[in-house]
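Enquirer: Go by the hints and put chains B and C onto chain A.
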Amino acid sequence: MTTLDAAAASSATPSATTPVAPAPARRRRRSVEGRPRIAVAFTALFFVVLYLPIVVVVLFSFNSRKSLSSFESFSTRWYVQFFNDDALLSSLRASLVISGVAMVGSLILGTMLALALERVSSRPSRILGTTALVPLVTPEIVTGVAALLLFTGLGIKLSLMTVIIAEITFSISYVAVIVRGRLSAMSDDVEEAARDLGCTPFQAVRLVILPAILPALVASGLLVFALVFDDFVLAFFTTGVDPQPLPVRIYSQIRLSISPAINAVGTCMMLVSILLIAFSLVVPRLFGRRDSGLDLISGG
Amino acid sequence: MTLPTSGPALDRRDFLRGALGLGALAALAGCGFSGGDATASASASGASASLAPAAKATIDGDLVYFNWAEYLDPDVLKGFQKEYGVKIIETNYDSYPSMMAKLSSGNEYDVVFPGSKEVAQLRAASKLQRIDKAQLKNADQVFGVNPYFDDPWYDSKSDYSVPFTMYKTGIAYRKDKVTTMSGSWNDMWNTSASGHIFVLDEADEAIGMAALKLGLDINTISPDDLAKIKEALLAQKPLLRGYSTDDINNMAGGNAWIHHMWSGDFLNLVNNTVKDPGNYEFLAPKEGTPLGSDTYAIPANAAHPGTALVFIDYLLRPENIDKNVTYLGYPMPTKSSAAAFAKVSEGHPACTVTVEDLGRANVFKTQTPEGKAARDAMWTEVKAS
Amino acid sequence: MAASTRDTDVEPTRTRRSASHTRLWGWLLLPPAAWMMAFFVSSIIIVVLLSFGHVGPTGRPVFGASGANYAALWNETYLSVFLRSVVYASLTVLLCLLIGYPVAYTIALHGGRYKNALVAALVIPFFASYLIRMYAWSTLLSDEGLVNQALRWFGLSEGVRFLNTPGAVVAGLTYGFVIFMVLPVYASLERMDLALIEAGKDLYHGPLRTFFAVTLPATRAGVLGGVLLVLLPALGDFVSAQLLGGPSTFMIGNLIQQQFFESQNQPLGSALTVVLMIALLVFMVFYLRSTDRQRRES
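Chains as they are written, first to last, in this note's numbering: chain A, 666 to 965; chain B, 1170 to 1554; chain C, 9 to 306.
Treat the hints with care, since some could be wrong.
What the hints assert, rightly or not - Distance ranges between label pairs, derived from CB positions:
id, chain 1, residue 1, chain 2, residue 2, range
1, A, F707, B, K1251, 53 to 59 Å
2, A, I939, C, A203, 23 to 29 Å
3, C, G34, B, Q1250, 51 to 57 Å
4, A, V799, C, A203, 37 to 43 Å
Claimed, not checked - Anything over 10 Å on all C-beta distances counts as not near chain C; from chain B, calculated:
id, residue
5, I1228
6, P1243
7, Q1250
8, K1344
9, S1353
10, T1389
11, I1390
12, R1410
13, D1482
14, A1507
15, T1521
16, E1550
Stated by the list, open to error - Coverage of chain A stretches by chain B, computed from C-beta distances (three or more under 8 Å per stretch; other residues unrestricted):
id, segment
17, 728–737
18, 751–764
19, 818–830
20, 899–907
If you are wondering where the hints come from, they were derived from the structure by calculation, not from laboratory data.
Remember, it's a predicted structure, so these values are computed and weren't measured experimentally.
Even for Gly, the Cβ is constructed at its ideal location relative to N, Cα and C.
Chain A extracted, bound-state conformation (with noise of 0.2 Å):
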C-alpha cells in the first residue's frame, strides 16, 4: 500500500522528486548576476508593507486609550474587554461553527464533484460540471445578492443555517479544483491496478484513492475554512437572527466607531493562523511526504 501510494505521490508532484541538494548551488550561480539582489530587494519591501498593517493592528491592540492613531501606553485592557465581550466571543464561536461545517461539507460535496468530473466523460455530466465550477468566477457580492433573494423569497428565516449553505455553495468548486488537479496528475493505472487485484470501486477509492489525495483535501479544507471564517460578503447578506459572524460585526463597528478590541481579536486570530500553518506544514509530513499542505494551496 505504502509503496502504491509513494508512487503516486511522487508522479504527481515533479518538485517531491526533484533533490533538495542543488538548489543552494543553483541560488548561487543565479546570484553572481547581481540581478537577485534588486528582487530580493523588492520581495523585502513587499513583505514589509505586507506586514505594515499586521503590527499597527498588533500595537495598537496594546494601546491604553480609545485611540486607533496615537498610542499612549501600554495597556491590555483590549484584551480583557474582547474576553469579557459576550457579543465578540459568540460571533467569534459563530464563525468557527461556519467555517468549521462549511468546510466539511464542502470537502464532502468537492471531492465528489472532482471525482466524478475527472472519471466520467458524457457530455450531460460534464456540463453539469461545469455548471458547479461557476461560482468560482462570479464575484461573491452576486453570488450573496442571489443567496438573499433566494432565502427571502422562499421565506426561509436567515440563519448561521443560510450563512453555511451559501459558504459551502461558494467553497464546493474551491475544493473540486484543487482535487482534480491532484487527480489529474494521479495516473489511473494504479487504481485500475487496484481494480485487477479484486478490490470493489468503494475499496479502490478508499485504499488507493483516498490515501493520494489526502494532501489536497488538507490544503482545500484549510483554505476554505480560512476563506469563509474571512469572508465578509456572503456573510453579509445571508446573517440573519443568530449571533453574526464575526467580519459582520467588525463591519457593522467599523461604519459606526470600532472598538481597539477588535485589534485584539485580530491579534488572537493571526495567532491561531501562525499555528495552523505550522500544523498543514507538518501534516504531510506526518503522512511520509514531501509536499507540503501550502504547495497544494499555491497550486504546485
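Expert: Frame of chain A; chains B and C shown alone:
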C-alpha cells in the same frame, strides 16, 4: 419606497408565478422549496399568535437583541444576563435602512431600537407588539414625565414603543484648524477646510443638512426642492473628504476638520478618544438641527416578548439609565438622568437636546413611497457621480 | 487555488474504462450537482427574473417583464460608476501583476530552503481579517496617522493626503488581493523546467530578454489565473471604497449594496448585479479563448 410589510420580502405567490414561468424551473422549485415552505408557515403561525394581547413581563427564553454596535453600556447587558440567567444573542445593524431591510426579510428579533420615524413605519405595517405599561415596574421613569413622550407623533400614546435617547445632528470642528466658522449650515461648505470635510453617509441626514442650509423642509419630497438640494450637495462634493458614519475616528485620525456629526458621538470623541479635547467643538447651526429620538420596541414576530419586556424594564432602572447616558453621550427623557447627562456633556452645551426642542419641526418623518424613492434616487446619484 | 487552468484531458485512458465503472462516478456527480442547482443556479435565475421586476406598492419586490430597471441604469451617473469600477479593477490587476510577479519569481527561484516559510508568510496576514487589515490601513494613512507622523519626523513632508482618494482605493484593493496573483504565478514558476531558463540565457543573451522570451510565456497560465482571481473580487468589492475612498470613489459594489440595504430597491439592485455578471461573462469568454489557444499551441 418600501413600507415594511408583514411576511417575507418577496411575495411567495409572485415568486412561484415567476418560477413557474420558467417551465424548467418548476421541478427544481418543488424539491428545493419544501423545507422553506415549512419554515415559512411556522413563522406565519408564530406571527398570528403574537397578535394576541400584549405579552407579560416574564422570562420566556434568551434575548435576541438587535441594535447598533456598542449602543448600550456592556456592563448593563452583562448585569441583565447575570441577574436573570438568560443569554443575550446580539446582532447589529449599521444603519436604520439596513435594520428595516433585515426586519422586513422576516428575521425574528426580541428587542429592537428604532428611531421615531422607523417606529411610525413599523407600527403602520403592524410589525410591532403593543407594550403594556402595567408590565413595566419602572414605567414612571419615562412616562408621565414629558407630555411629548406620553403621546408622540410617531406612536400614538406610546403604545408600541418606549422612549430611549434623544439626539441632535450638528457640526463638529477642529478649533486649531478652522477659525472661520459662522455657526450656520453654510459651514459644511466652508472652503477654508476644503478636503477635510465629511458628511454623514445617510440619505436623511445629508438631505436634511442641505435642506436646512437652503431654508427648506428636511422632509421635503417636492421635485423642485430636491433639485435644489441635489445642486447644493453636488457643489459641496469638491470640498469633501468623504461620506462616512465613522465620525469619531475620522475626527480623531485628523482627516476631518469639519464633520457632520451626531451629538453623542461628539461627546464620545472628546471624553474617551482624543488627548486634546480642547481642540474640538460642536456647534448646533442657527438654522436649526435635525433632532430625533430612539426607542425600545418589540417586533410583532418576537419569539421571546416576555424576556424583552423584562429587559426594557431593566433598562428603565434609574441606575442603568445613568450608566447608558454616560456611555452613549445622549440624553434620555427620564425623571432622573439629567445629572448624568450634565456631567458627560460638561463644557459642550450645544450637545444638549431637550424635549422642547423635539416639539419643533426638524424631525425626520415618514415619506410616501414615491417621495422616499425620489429622495433615495437623488442621494444615490449624488454619491455615485 | 489556481489550478483551474490545468490541462486535464486524458481522453485515451477514459475509453478503456468499463461502463459500470463510469456509472458509479456518475452517481457521485448527483449530490453536488443537485446542491448547486438548488442553491446556486436557482438563485441566479431569481436575480435575473427579479431584475425585470419592480417594487410593489407595499414595498415588496414584484416580478415583472419590464426593462425599466435596465433603462434606469442607462444614464450618465450609473455608467460613470461602472466605468470607474472597471478602471479601478483593471489598475488593481495591473498593479498586482507588476508587484506579484517579481515576488513570486524571487520566492520560486531564489527562495531556496526558505521557500515554504515565505509562502506561509504570504498567507498569514490573510487570516487577520480583510476588514481589520483595511481598517488598519485607514488608520495608518490618515492625516495624523503613523505614515504621516513618520514623514513629518524625518522632515520629508508636511503631510500627504493619502486617504479618501481614488489612489487609496486602488492601493487597498491591490493590498487585499495581491496574494491571489502571487500564488498562481508562484505555482506556475514552480512547475516550470528551470533548464529552459538556462537554455534561454545561451540563446537570447541577457536575463531580461530571456525573461520575456522564455519565462513569461511559460508562466502564462499562472498569470491568466491570477488576473482572473484578482479581477473578480476587485470588481465586486465595496469595502475598499467605503473605508479608503473619498466622495467620488463609489464603485458598482457600493451601488449594489446601497440598493439592497439602504434604498431597498431589490429589482434595481438585481439589474445592477446582472450587468456585473454580463461584464464578467464577456471577460470569461476572452479568458477561455486565450487559455484554449495556449493549450493548442503547446
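Enquirer: Determine for every hint whether it applies to the structure shown.
Expert: Status of each hint after checking the structure:
Distance hint check: the CB atoms of F707 of chain A and K1251 of chain B are about 56 Å apart, consistent with the given range 53 to 59 Å. For the hinted restraint 23 to 29 Å between I939 of chain A and A203 of chain C, the CB-CB distance of approximately 36 Å leaves it violated. The hint said 51 to 57 Å for the Cβ distance between G34 of chain C and Q1250 of chain B, and at roughly 53 Å that hint holds. Between V799 of chain A and A203 of chain C the beta carbons are some 38 Å apart, a value that agrees with the proposed interval 37 to 43 Å.
The beta carbon of I1228 of chain B is kept farther than 10 Å from every beta carbon of chain C, the shortest such distance being approximately 33 Å. For P1243 of chain B, the condition that its CB be more than 10 Å from all CB atoms of chain C holds, with the nearest at approximately 20 Å. Listed as outside the interface, Q1250 of chain B is consistent with that label: its C-beta sits roughly 27 Å from the nearest C-beta of chain C, beyond the 10 Å cut-off. Every CB of chain C lies more than 10 Å from the CB of K1344 of chain B, the least distance being 15 Å, so the non-interface label holds.
Even its closest Cβ contact with chain C, about 21 Å, leaves S1353 of chain B beyond 10 Å, as expected for a residue assigned away from the interface. At roughly 18 Å, the least C-beta separation between T1389 of chain B and chain C is larger than 10 Å, which holds for a residue marked as non-interface. With a cut of 10 Å on Cβ distances, I1390 of chain B stays outside the contact zone with chain C, its closest approach being about 15 Å. The non-interface label for R1410 of chain B is inconsistent with chain C: the shortest C-beta to C-beta separation is roughly 5 Å, within 10 Å.
With a cut of 10 Å on Cβ distances, D1482 of chain B stays outside the contact zone with chain C, its closest approach being about 32 Å. Under the 10 Å C-beta cut-off, the non-interface status given to A1507 of chain B relative to chain C holds; the minimum distance is some 35 Å. Under the 10 Å C-beta cut-off, the non-interface status given to T1521 of chain B relative to chain C holds; the minimum distance is some 29 Å. At roughly 5 Å, the least C-beta separation between E1550 of chain B and chain C is not larger than 10 Å, which violates its mark as non-interface.
Coverage of a stretch by a chain is defined here by at least three residues with a beta carbon nearer than 8 Å to that chain's beta carbons; for the segment 728–737 of chain A and chain B the count is 7, and the condition holds. Three residues within the 8 Å Cβ limit are the bar, and the segment 751–764 of chain A against chain B gives 3, so the coverage statement holds. For a cut-off of 8 Å, the count of residues in the segment 818–830 of chain A with a CB near a CB of chain B stands at 6, and the three-residue condition holds. Remark: the segment 899–907 of chain A is confirmed as covered by chain B, as 4 of its residues place a Cβ nearer than 8 Å to a Cβ of that chain, reaching the required three.
Of the numbered hints stated above, those contradicted by the structure are hints 2, 12, 16, listed in ascending order.
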